[in-house]
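Take the sequences, apply the hints, and build the full model.
Okay, here's what each chain looks like letter by letter:
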Amino acid sequence: MPLSGNPIRAKIRALTDSAVTGLAILATLLVVAPLVAIFVYLIYKGASSLNLAFFTQIQKPVGESGGGMAHAIVGSAVLLALATVIGVPIGIGGGIYLAEFGRGTKLANAIRFTADVLNGVPSIVMGVAAYALIVGTHIPFLPFTGHFSAFAGGTALGIMMIPTVCRTTEEMLVMVPHAVREAALGLGVPNWRSVLSITVKTASPGIITGCMLAFARVAGETAPLLFTALGNSFWSVDLNQPIAALPLQIYVYALSPYDEWHRLAWAGALVLIVLIVLAVSLVRYVTSRGVLKGAS
Amino acid sequence: MPEIRTFQPQIQPASAQPTGPQPDPAGSAIRQFLRSRGNSALADRSFHILMVLCALTIFGIVGLIAVVLILRSDMAWHQFGLKFFYTFERDRVTGAPLYWDPVNGHFSAVPFIYGTLVSSFLALLLAVPLAIGVAIFLTEMCPKALRGPLAFVTELLAAIPSVIYGLWAVFVLVPLLRDYVNPLLVRLLGWTGFFSDDNPTGLGYISAAVILAIMILPIISSLTREVMTAVPHSQREAVLALGATRWEMIRMGVLRNARIGIVGGVILGLGRALGETMAVAMVIGNSPDIQRSLLANGSSMASVIANEYAEATSDLHRSALTELGLALFIVTIIVNALARILVWAVTRGTPEQAR
Numbered sequence: 000m001p002l003s004g005n006p007i008r009a010k011i012r013a014l015t016d017s018a019v020t021g022l023a024i025l026a027t028l029l030v031v032a033p034l035v036a037i038f039v040y041l042i043y044k045g046a047s048s049l050n051l052a053f054f055t056q057i058q059k060p061v062g063e064s065g066g067g068m069a070h071a072i073v074g075s076a077v078l079l080a081l082a083t084v085i086g087v088p089i090g091i092g093g094g095i096y097l098a099e100f101g102r103g104t105k106l107a108n109a110i111r112f113t114a115d116v117l118n119g120v121p122s123i124v125m126g127v128a129a130y131a132l133i134v135g136t137h138i139p140f141l142p143f144t145g146h147f148s149a150f151a152g153g154t155a156l157g158i159m160m161i162p163t164v165c166r167t168t169e170e171m172l173v174m175v176p177h178a179v180r181e182a183a184l185g186l187g188v189p190n191w192r193s194v195l196s197i198t199v200k201t202a203s204p205g206i207i208t209g210c211m212l213a214f215a216r217v218a219g220e221t222a223p224l225l226f227t228a229l230g231n232s233f234w235s236v237d238l239n240q241p242i243a244a245l246p247l248q249i250y251v252y253a254l255s256p257y258d259e260w261h262r263l264a265w266a267g268a269l270v271l272i273v274l275i276v277l278a279v280s281l282v283r284y285v286t287s288r289g290v291l292k293g294a295s
Numbered sequence: 000m001p002e003i004r005t006f007q008p009q010i011q012p013a014s015a016q017p018t019g020p021q022p023d024p025a026g027s028a029i030r031q032f033l034r035s036r037g038n039s040a041l042a043d044r045s046f047h048i049l050m051v052l053c054a055l056t057i058f059g060i061v062g063l064i065a066v067v068l069i070l071r072s073d074m075a076w077h078q079f080g081l082k083f084f085y086t087f088e089r090d091r092v093t094g095a096p097l098y099w100d101p102v103n104g105h106f107s108a109v110p111f112i113y114g115t116l117v118s119s120f121l122a123l124l125l126a127v128p129l130a131i132g133v134a135i136f137l138t139e140m141c142p143k144a145l146r147g148p149l150a151f152v153t154e155l156l157a158a159i160p161s162v163i164y165g166l167w168a169v170f171v172l173v174p175l176l177r178d179y180v181n182p183l184l185v186r187l188l189g190w191t192g193f194f195s196d197d198n199p200t201g202l203g204y205i206s207a208a209v210i211l212a213i214m215i216l217p218i219i220s221s222l223t224r225e226v227m228t229a230v231p232h233s234q235r236e237a238v239l240a241l242g243a244t245r246w247e248m249i250r251m252g253v254l255r256n257a258r259i260g261i262v263g264g265v266i267l268g269l270g271r272a273l274g275e276t277m278a279v280a281m282v283i284g285n286s287p288d289i290q291r292s293l294l295a296n297g298s299s300m301a302s303v304i305a306n307e308y309a310e311a312t313s314d315l316h317r318s319a320l321t322e323l324g325l326a327l328f329i330v331t332i333i334v335n336a337l338a339r340i341l342v343w344a345v346t347r348g349t350p351e352q353a354r
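Heads up: the protein sequence lines correspond to chains A and B, in order. Each residue of the first sequence is one higher than the last, beginning at 0 in numbering that gives the first Met the number 0. Each residue of the second sequence is one higher than the last, beginning at 0 in numbering that gives the first Met the number 0.
Hints may be right or wrong, so weigh each one.
To be verified - Restricting the straight-line Cα-Cα distance to at most 20 Å, the calculated cross-link-like pairs of lysine to aspartate or glutamate (DMTMM-like) are: (1) K59/A x E259/A; (2) K44/A x E259/A; (3) K200/A x D43/B; (4) K10/A x E247/B; (5) K82/B x D100/B; (6) K44/A x D237/A.
Said to hold, decoys possible - What follows is a set of in silico ranges between Cβ atoms, one per label pair, in the way DEER data are often shown: (7) F58/B x H137/A: 19 to 29 Å; (8) P96/B x V173/A: 52 to 62 Å; (9) V173/A x S233/B: 18 to 28 Å; (10) V173/A x P182/B: 50 to 60 Å; (11) G147/B x H137/A: 47 to 57 Å; (12) V84/A x G189/B: 47 to 57 Å; (13) I138/A x D100/B: 26 to 36 Å; (14) Q240/A x G147/B: 38 to 48 Å; (15) P231/B x I138/A: 53 to 63 Å; (16) N103/B x H146/A: 21 to 31 Å.
Unchecked claim - Reference excerpt, derived from the structure (chain B facing chain A, CB under 10 Å, subset only): (17) V51; (18) L63; (19) P96; (20) A130.
No wet-lab data here; the hints were simulated from the structure. Even for Gly, the Cβ is constructed at its ideal location relative to N, Cα and C.
Okay, structure coming up:
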């Protein structure tokens with residue numbers, strides 16, 4: 000790039016520079032715009048439809064006004080509780096292995112890679128797999144198989160939580176300084192105890208936020224529930240029966256031709272997004288405050 | 000070893016209980032038992048094994064998914080073989096293509112593969128320049144005070160559930176496109192044949208592509224940001240020292256070094272777009288058809304599974320849908336693995352702090 004002399008060339012270079020700066024700012028605005036649009040519209044539509052009945056009543060038949068999504072909220076809670084019970088312990092266990100036992104080994108690298116890849120598997124495929132495994136196969140004497148059930152939906156969601164929980168747990172544990180482990184081991188504490196009571200405890204704020212992130216992610220999942228939990232317009236907390244879920248209900252209501260149901264869909268979406276934004280903000284807050292850095 | 004017990008409250012401050020030298024009697028009973036077994040070697044070993052099992056579960060899950068999908072799609076595989084993915088039948092009399100008609104037993108994945116590819120690539124076309132623009136702005140230009148909030152905003156975009164994107168798209172985006180953008184496209188580019196105004200609903204490939212673009216933007220831009228910050232500062236300084244403007248510095252010093260990682264991010268975004276279900280199912284129009292017009296109704300692999308799986312009319316129908324799911328599984332695994340390898344190739348050398 001000849002630097003000397005040519006004023007026109009210098010002008011062009013300066014202009015290109017400004018143009019690119021402008022384009023980058025424009026791109027950022029274009030990216031922020033849909034987010035703002037979604038949130039404004041969601042709050043505008045959702046808040047006007049939220050009322051007490053939304054949280055206390057179940058779906059009303061078509062034509063009757065009113066009704067709520069209490070059954071879907073409870074259903075989501077049941078599904079997410081089951082998913083957490085399945086996903087969190089296995090995920091944390093896997094993370095502990097990756098950070099504490101398998102660091103640098105080929106097996107750990109393979110597992111880390113598989114977890115990342117599993118994270119990218121579409122949720123609809125999880126739904127099909129859960130259907131094929133639990134709903135579509137009736138094994139005699141084995142409960143929950145052979146029909147649509149909350150159990151199948153919760154399992155699908157739980158499996159989806161594992162890779163996220165596993166990777167965030169690992170990342171948090173890796174940040175715990177070695178000196179802490181050495182101190183524990185130097186005092187004669189057995190290794191398992193040192194891992195659980197010292198390392199995991201030190202990293203626990205990070206691990207908990209990682210779990211919440213995974214939780215928030217599956218809380219909004221619809222695709223894996225479509226043909227596992229199926230949805231239900233009545234009260235149900237039975238793991239052996241089809242169950243309603245907030246995202247499923249939003250989907251059904253959004254595609255229905257009734258204005259009343261559209262209104263409920265917006266309100267449901269607002270509730271869901273508030274839940275998720277709270278979780279994500281908490282994660283952001285904890286990670287940016289550097290809880291772990293303080294430990295070292 | 001009684002001293003250990005007295006030390007323990009000090010090294011685990013979070014659980015330290017103020018009173019009593021014996022923190023938890025239940026724990027101590029277990030400990031007593033384990034101590035009696037030769038210095039807790041048994042406990043250590045079983046803990047290790049338990050953690051390995053948890054980690055191996057991840058392999059197990061991938062294997063299990065593959066096995067059940069293969070078993071369940073067996074029927075369609077025997078009936079159609081590989082032809083399922085590239086041919087379709089035609090009506091004997093009129094010659095019209097019969098892509099997908101579960102009631103009369105016509106099954107072909109072609110229109111869904113077409114719909115998935117068209118909507119995903121259009122989405123990439125829209126999202127990639129924007130994502131790189133955002134990444135450039137955030138890493139190279141943005142004032143420090145804005146960087147955190149903007150990164151948070153893009154993170155939020157990634158956290159919004161697919162069904163809410165779909166809801167917003169159905170009620171806000173699609174009417175907007177239908178009333179303002181689509182007529183413009185028809186007027187300006189109608190001569191290419193890719194835009195015809197015979198679809199009054201506004202649903203279709205373009206709508207799906209736009210909502211997909213919004214959805215995959217965060218993942219592409221955050222990965223691009225990651226690989227761009229991994230470029231050492233000395234590279235930037237060297238280019239600047241030669242008298243380069245900021246853009247020249249970004250182009251030669253940053254983008255050139257980060258390009259493999261950026262490609263990885265784009266491929267990862269592609270993986271997301273291929274498998275995205277709910278939002279696409281809500282706006283693509285759901286007709287198992289191939290049309291030249293991008294404004295026409297279509298259908299993607301994920302959307303047809305979402306729409307038809309629960310109410311499949313026959314075992315063959317369900318088996319064919321499962322085969323689509325298997326194809327999606329294999330393709331997304333390959334795409335994701337490729338992307339991870341590319342991103343890893345760029346960021347591996349950098350220390351943790353530099354990222």
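- Just pull the numbers of the violated hints for me, sorted ascending. Hints 6 and 19 contradicted; others consistent.
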